[in-house]
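**Q** So you can see what is in the structure, the chains are spelled out below.
There are 2 protein chains.
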Amino acid sequence: MFKFVRVNMATKEISIDDVPEKYVGLGGRALTSTFINDEVKPTCHPLGKNNKIIFAPGLLSGTSAPNSGRLSVGTKSPLTGGIKESNTGGTFAQQMAKLGLKAIIIDDMPQEDKFYVIRVDKDGVYIDDAPEEIIGGCGNYKAVEVLKEKYGNNIGIALLGPAGEHRLPAANISFKDPDSNLRSAGRGGVGAVLGSKKVKAVVIDDTGTEAVPIADVEKFREASKAFAKALLDHPVSGQGLKAYGTNVLVNIINEAGGLPSYNFKEGRIDHADNISGETLNATITERGGEGKVSHSCHRGCIIQCSQWYADKEGKYITSGFEYETIWGLGADAGIEDLDAIAYIDREMDEVGVDSIEVAVAFATAMEGGLIPWGDGKAVLQIVKEMANPTPLARIIAGGASIVGKLCGLFRVPVVKDQAIPAYDPRSIKGIGLTYATTPMGADHTAGYCISGNILKIGADLDPLKKEGQIEYSRSMQIGTAALDSTGMCIFVYFGIGDNPDGYQALIDMINAQYGLSLTAEDVDKLGENVLKTELEFNKNAGFNNAHDRLPEFMEYEPLAPHGVVWDFTPEEIDQVLDFS
Amino acid sequence: MFKFVRVNMATKEISIDDVPEKYVGLGGRALTSTFINDEVKPTCHPLGKNNKIIFAPGLLSGTSAPNSGRLSVGTKSPLTGGIKESNTGGTFAQQMAKLGLKAIIIDDMPQEDKFYVIRVDKDGVYIDDAPEEIIGGCGNYKAVEVLKEKYGNNIGIALLGPAGEHRLPAANISFKDPDSNLRSAGRGGVGAVLGSKKVKAVVIDDTGTEAVPIADVEKFREASKAFAKALLDHPVSGQGLKAYGTNVLVNIINEAGGLPSYNFKEGRIDHADNISGETLNATITERGGEGKVSHSCHRGCIIQCSQWYADKEGKYITSGFEYETIWGLGADAGIEDLDAIAYIDREMDEVGVDSIEVAVAFATAMEGGLIPWGDGKAVLQIVKEMANPTPLARIIAGGASIVGKLCGLFRVPVVKDQAIPAYDPRSIKGIGLTYATTPMGADHTAGYCISGNILKIGADLDPLKKEGQIEYSRSMQIGTAALDSTGMCIFVYFGIGDNPDGYQALIDMINAQYGLSLTAEDVDKLGENVLKTELEFNKNAGFNNAHDRLPEFMEYEPLAPHGVVWDFTPEEIDQVLDFS
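Protein chains in written order, with the numbering used here: chain A, 112 to 691; chain B, 112 to 691.
Hints in this document: simulated from the structure, not taken from any laboratory. One or more of the hints may lead you astray.
Identical chains blur together in the list; that is why a pair holds if it fits in one copy or across any two.
Unchecked claim - In silico SDA-like cross-links for lysine to any residue, where the CA-CA straight-line distance does not exceed 25 Å:
#1 309 x 480
#2 152 x 667
#3 123 x 667
#4 340 x 385
#5 636 x 224
#6 643 x 154
One chain only, chain A, in its complex shape (with noise of 0.2 Å):
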């Protein structure tokens, strides 16, 4: 039987109970958003006591389904005002379904100005004082390594930096990978809400614990081989995600003019060389050492778009050195260098922030003179003073929005006060619908329409015009808050997304595992009621039809090279998530 475990904060009660009958069919995205909308005052602060943060393992984490170990933290985001579901790898999630934790919820604060540790295992859940050493600016690798060598090796941690100890609105949480590097729930400030709630850690053994049960064993283990071949099968998650890791999209997407550059003024760069993943694999491959191109985020996973990348020693120097971060520091930045922008990625993990926030922070900054454009050295030296925030670390972990307003700049690319991500949406039309509509604000996992604008997996449209895009967002966005809620990592979508088997397959392993007989439409049926919940919950949170646009200077200032501008008339956007 599974269970939900409240953690109270002011009154440091801890509660153990059988999962609520509303939840026990959910998972992942669709049990945080439920629960955010069922439990949460829309209108609270963000950061005061009503608020609540709740960790969610995906139906099928911690079953040996390939790349099911995904964890979903849903609260109201101290960045945009509204509902999050902020996406995470690690070995949390596949600890807590072992436990038999379908959720942990955290609520209340403390009053005392101190920090503490939520401690989990077979026997029970506990509140310990958080180890002095790592409080005050502890970078998150040490953290791990204290927190490790004090309850265990075993442990999966979720953990706060310290740009999560000052509530610092780019705040992140990081989670322990399988090797002790970090993951992160990045997006949306999930860790100033933490931060809030004086939590510095929490951390999970499953030392104990047996298999999660399943109800048809054989069936699971044959539609799991049907997945996993469909995964391995695709040329993208088979081959290009293990070669060169997310950032194999500079080169196509620097291509396709829709590589947002300078703050959003350009679509293309001359220095794409410098920072692709084929540079990227090149170099890790050359330098040997502790580098590895290819790197799995979690137990199970096949599609190992993770690296290691080392330094020219060939010393560990980051992993999980994403597309979006490199594209973010690298042209919206204009820092030319793949090392510099590694030990800037680095750094970023270390203290705590979401690195699309902060890079595109520091775009904007750039454009408002703060800082000089492409200078890698400042930037660095920006996010280390995020650990002990100088007030310009501040401004920028205040994220994009906050700079666009104190640099008094009009060209500030935000939805819903969410930096956009790393796709140009005048000239992948698809993408801009999905951020502007997605109640997460600006958020490219939230329905991928790179997939089938630019890659050509599960649709084929053309990513300058309007056809089709519509749909295609609505389509996407309802099967990511599906996938969203089973665990699943989102690039499972590139082997299923043409192939019916596959799709198939997943929808046999739920069944499998919990004796059920779900159908393609109960899952999408699925997705669109998470939609539902996240935009009710915002729209009592604030927010009606004129957030969902884009920023304006889209809609005038044409993107080189295609000379194309956002065109999307109100009416249309509002038809993508339009249910009634």
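With chain A fixed as given, assemble chain B onto it according to the hints.
**A** Just chain B, lined up with the frame of chain A:
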């Protein structure tokens, strides 16, 4: 025949046209809000080319009606994201009226990085290059002298300070008063909008104009006399404000337990005597020299709540030294010395920022640990830095909402991202309804319920109780919207709130000037229509009822000494401006 002046800062085109039919009967706020709702796209970026800014004198401005020289400045606010009317004294409104100008509208923005002066006189409207010496950090007092030297002593001036050049969110627009000192259209960041349009100043010269035409001179004279009598007969408008300025309120509101102190953690301070109106009066009187206890912000003001505050040597420091500023720095930020506060007030006028927004931002930053409590020296230094903003100066000039976000606080006293002024809504409940519901963001001048709650003018409500407050805030907001359209200072309400003859005299003046026969009901209807227009704009800009809420902490943090919380329900709040 009245005229509309339009200046396009992109093309430099200027037009001077008859007033469009729709706007003929409107003035002040009625005109600016109707115009902004008609012509500005509600979802436009406030600092982008599609925002406009409009200056409009009230219906009675330019006549000999007492206290009728107020100007309305309308735009989409970069601070709140909603519609804004910011109201100011000075000579500008009367000079516009004498030139027969109902509106000056500034549209679009230059491509070039260069500031301009718009010049208006009886012969036409011109765009000049701004004098170089007043750009890049020049204080406003000096800028006024430079402009007078260039354009003559008779000019009226709307002036952008250095903070406005940087388009900082708290930037105001300063207006020259009859003695060449400064008044401000303070709230909502209207200076940032003028800055985005690269207009350093609008100078206006009414030399060679005739008196404003009056349809029935005799009737006007009589009504004007009756109106003046009403103002002078009341102890507040006739004596209190003249002797102690608006700062008469420190002792009154402190006594009432409604003086928000130390970032809204307390409702009363021990050091009220240091900063009270009585002390202000005594200090000015004692010091002599250039100090004056009373002074008019525009010709024809008979209330004279302004004053000149001088230093120990009798040298002028600042004027228009208002209660809200003294409260913000003295109680909310805990600066216990009136001279220190005066120098900061002067410096805020020099750089051109809203003294309410900035004072509250300082108090919020003190809670966030950025500045020690009550440190007047640090505050003065940071305000000076707003002329060429350091990161910390930029943060503070971003206003209280941004400071709250960058410090990760939940105790952030704002509504619609605008700072709550000098009256705590927990212990003076009527004003809380105005803060919550006015389309302007937290603004005491939008419906000054202090009147019937504390001063017992126009109503007699218990400030600690909810009874009668909903209807009262509504009627005050309606009345104020009408009053803001006449060019009248809102303080005339003290003279006419309990005096039907005084109120009738106001209506008689309007009728006599325009040959109309408006009734009190017509005036109410005007006020209601203004509010409806503003609400319509805001709805289309992205506001819904969830924005009409006070900061959540006021619902659960009781305010000393009365131990009261904010206890209106959402449903009750939503009744205030429900005109459906």
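**Q** Each of the hints needs a verdict: does it hold here or not?
**A** Tested hints:
{"no.": "1", "hint": "309 x 480", "verdict": "between (35 Å within a copy, 17 Å between copies)"}
{"no.": "2", "hint": "152 x 667", "verdict": "between (38 Å within a copy, 14 Å between copies)"}
{"no.": "3", "hint": "123 x 667", "verdict": "between (53 Å within a copy, 20 Å between copies)"}
{"no.": "4", "hint": "340 x 385", "verdict": "neither (34 Å within a copy, 79 Å between copies)"}
{"no.": "5", "hint": "636 x 224", "verdict": "neither (44 Å within a copy, 53 Å between copies)"}
{"no.": "6", "hint": "643 x 154", "verdict": "both (18 Å within a copy, 24 Å between copies)"}
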